[in-house]
Amino acid sequence: MQKKTANSVRMLKSTSLVLGQNQAKWATSVVLAKSVPSYMEIVGMIDDAAVDADKDILAAAITKNETRDNLEEELFLCCSGLISIANYEKNAELAQAVKHTESSLEKMKDDQLITTGKTVLALAKANAKKLEDYGYMAADITALETLIGQFTAVQATPRSEESTRVAAKMSMNEIIRKAKELLTDQIDHQMELMRRREPEFYNAYQSARKIIDIGVRHEKKEKTLKAEGERQNPEADTE
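Taking numbering that gives the first Met the number 0, the leading residue of the sequence shown gets 0, the next gets one more, and so forth.
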């Protein structure tokens with residue numbers, strides 16, 4: 000979540016908290032009794048939007064990683080059988096094509112792994128009968144082909160994750176916009192009526208409505224402390 004968005008969310012939640020703690024005070028106002036519950040409902044959507052987005056991204060990442068691990072394992076087993084055939088037959092070309100270790104497969108980029116998988120699959124089909132003698136059966140070749148197809152399908156996960164993030168950001172921004180609109184167009188004006196009747200509630204609300212940039216505040220504090228230190232010890236930086 001970007002700093003600007005995080006600051007807005009912090010303000011919205013703080014305001015919602017103050018309103019929730021003072022329900023007995025605003026519930027007596029007909030207009031606030033209508034607008035405040037709507038506002039609190041909208042603010043409640045913020046966490047749901049963030050959780051759903053994170054859940055979708057995490058699930059996609061787990062699926063991709065598991066599929067890749069399975070493909071790497073199956074590829075290595077197939078390559079082991081094929082390189083045994085190549086060594087027995089003194090087939091240097093075949094040996095070179097399937098000379099892949101577990102480590103080299105792990106280091107391959109997604110596209111490269113898929114290309115390698117297709118090459119090995121073609122060689123496995125061409126040497127299917129020989130592979131059976133090494134314990135790599137037709138069902139294993141089918142499993143390899145299936146895994147290549149599955150990983151090809153999920154290989155675009157980074158783009159899918161980015162789309163999910165964009166959608167989540169748009170949804171979050173829309174929620175924030177609606178919540179702010181309800182505050183500025185209705186609740187802020189309605190709360191002015193509480194200034195004399197409920198001054199403590201009014202002041203707490205106004206404090207919550209201020210957007211505090213935590214990052215900037217910390218940065219300013221650090222600069223202030225540094226400046227004070229330099230004033231107290233002006234020769235600290237001189238040699």
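Just so you know, these hints were derived from the structure itself, not from any lab. Since the model is a prediction, treat every value here as computed from it, not as a measurement. Idealized CB from N, CA, C, for every residue including glycine. Please note that the accuracy of each hint is not assured.
Stated by the list, open to error - In the DMTMM-like style, the derived pairs of lysine to aspartate or glutamate whose C-alpha atoms are separated by at most 20 Å in a straight line are:
1. K108 / E131
2. K12 / D47
3. K179 / D47
4. K177 / D187
5. K12 / E144
6. K33 / D184
7. K108 / E72
8. K129 / D109
9. K177 / D47
10. K98 / D109
11. K108 / D68
12. K24 / D187
13. K117 / D46
14. K124 / E173
15. K33 / E144
16. K106 / E72
17. K108 / D139
18. K12 / E180
19. K3 / E65
Said to hold, decoys possible - The calculated label-pair distances, taken between Cβ atoms and stated as ranges, are:
20. E173 / Q95: 15 to 25 Å
21. T100 / A142: 34 to 44 Å
22. E92 / E144: 16 to 26 Å
23. T141 / E180: 54 to 64 Å
*Report the numbers of all earlier hints that the structure fails to satisfy, in ascending order.*
1, 5, 8, 13, 14, 15, 17, 19, 20 and 21
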